[in-house]
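Participant: Sequence:
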Amino acid sequence: MALFVFNSASKMVSSPFVILHCILICVTLHCNNLAEAQMNPRPNIVLILTDDLDVSIGGMASIFSKNFLLSFSVVFVASPLCCPSRASILTGKYPHNHHVVNNTLEGNCSSTAWQKTQEPETFPAFLQKHGIYQTFFAGKYLNEYGNKKSGGVEHVPPGWDHWFALERNSKYYNYTLSVNGRAQRHGQNYSEDYLTDVLANISIDFLENKSNRRPFFMMVSTPAPHSPWTAAPQYENNFPNIKAPRDPNFNVHGKDKHWLIRQAKTPMTNSSVEFLDNAYRKRWRTLLSVDDLVEKVVRKLEVRGELSKTYLIFTSDNGYHTGQFSLPMDKRQLYEFDIRVPLLVRGPNIKPNQTSPLLIANVDLGPTILDIAGYSVNETQMDGMSFLPIMTGKGNSSTWRSDVLVEYEGEGSNISDPACPLLGPGVSECFPDCVCEDSYNNTYACVRTVAQAANLQYCEFDDNEVFVEVYNLTADPFQLSNIAKSIDQEVLEKMNHRLMMLQSCSGQSCRTPGVYDSQFRFDPRLMFSSLVPHRNKRRQTLK
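Per mature numbering (1 follows the signal peptide of the UniProt record, and there is no 0): the sequence shown = residues -37 to -1, 1 to 506.
Read the hints as simulated data drawn from the structure, not as lab findings.
Note that the structure is predicted; figures quoted are calculated from it, not measured.
Warning: the hint list may mix true and false statements.
Between beta-carbon pairs, the in silico distance windows are [to be verified]: (1) Ser234 - Gly115: 35 to 45 angstroms; (2) Thr75 - Lys448: 38 to 48 angstroms; (3) Gly94 - Phe485: 41 to 51 angstroms.
List of simulated lysine-lysine pairs, PhoX-like, C-alpha gap at most 20 angstroms [stated by the list, open to error]: (4) Lys357 - Lys314; (5) Lys272 - Lys259; (6) Lys218 - Lys228; (7) Lys173 - Lys263; (8) Lys259 - Lys29; (9) Lys111 - Lys134; (10) Lys173 - Lys92; (11) Lys357 - Lys272; (12) Lys79 - Lys111; (13) Lys314 - Lys272; (14) Lys218 - Lys448; (15) Lys220 - Lys448; (16) Lys314 - Lys29; (17) Lys272 - Lys29; (18) Lys92 - Lys79; (19) Lys79 - Lys112; (20) Lys259 - Lys173; (21) Lys29 - Lys263; (22) Lys173 - Lys272.
Think of the CB as a built atom: it goes at the ideal place given N, C-alpha and C, for glycine as much as any other residue.
Use the sequences and the hints to build the structure in full.
Facilitator: Here it is as structure tokens:
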């Protein structure tokens, strides 16, 4: 049988036999996948991702918890900025391995390079490739998604059967969604356009109309509580008396810290405090609609009889600060309020009213979801590890990891801000009172250690000083005192060595024993060897 025929112009074209052959192959594969899904039923998975939701300064506000069974109290992001962190969630990799360093195309955020090299390796792409799970995405993807320079909203990343993605960054009204590659524009009518509610409705529609013969993975990524903090009309007046928490690190000078923190004006002006208090209230108000979304999804799963066989995971891409160390508001810093996030779960074999103190990173989400789906992280190039055994009570806490890596590459402008000429070039995210939240040399890497014998953070800046910050979180939970100059020198050297190892790790080598693991081995001869952190050539010398 001839598989190809040629037309008069000598161009090879498919014969009807080839078309039929391909159809038969597709049908066979589909039937095989359906058969496997039915013979070995796998749980459904729902991931709800918020935008800029902190846990250290009260962002959770006691909501959401009623729909979840287990909370993790020590959870960190790989980078405290939206796009690098979301890339870490999707790929299970640290930023030095997925190469997304900021929220711009130049920083690899949804760039063509990202699309070619990393999107095919995301955990949704892995799920889709194996054909068992049906996959659904709704909400904010990456900050530069939809940019015409990298395919526009017509680009649908591999891994998604159903795609409802926000063009660019978080908004609540007047936005565009990519609906399976076609632009759908929304205005400012609450009942039709308020994005958090739109995402809830799209999610419910999917649950009602999906195939019941295959398990599903659903990811819903809300704009809340990211700026511009637009609440639904019914929540616009909630929390009238709430203020940003006045913790010990609120509105105080960041002594002994990197110059960018020290430059903040202390005390803040009354107008600055009033502004951030108002923003804090607005953030809480937007979260009430997220609470509604979670409730709708849970109730729909319950009505359909699917809740008991579905894992739900709730988290955020990074934390946030409002007045800590006199920084007005943003993320991007190495402190707990920016790098620590909530993580709530429920699902089969998870006991209620549980809190786990074990150390989790958002690079673990991909491996965990694949583990739930029946796949091993060893089949991938991911840096994280599955916490499914911890969720279901089968994990051994004594052998769990004791440290994770946090990386951030600072951003700045090549020209001075006209409103703040004395600061010179190299800074960014500056407020009217000339307090800047970022700079080129606000580039750092940290080892965050949580073990029975230690609760430490060790950070190095990639600047002319190689500035170091170290905190003992047990004695100093608000990170008021940098103990880099007083900590035991041997501990300092071990942490420096561990940081270099993690900054050079990939896959399995990212899961090796930390300084406070019994199996850790320290070889001083490896100090300052070829494991030198990558340095940003764009960075300018500041201060």
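Participant: Looking at the structure, which of the earlier hints fail to hold?
Facilitator: Result: no hint breaks.
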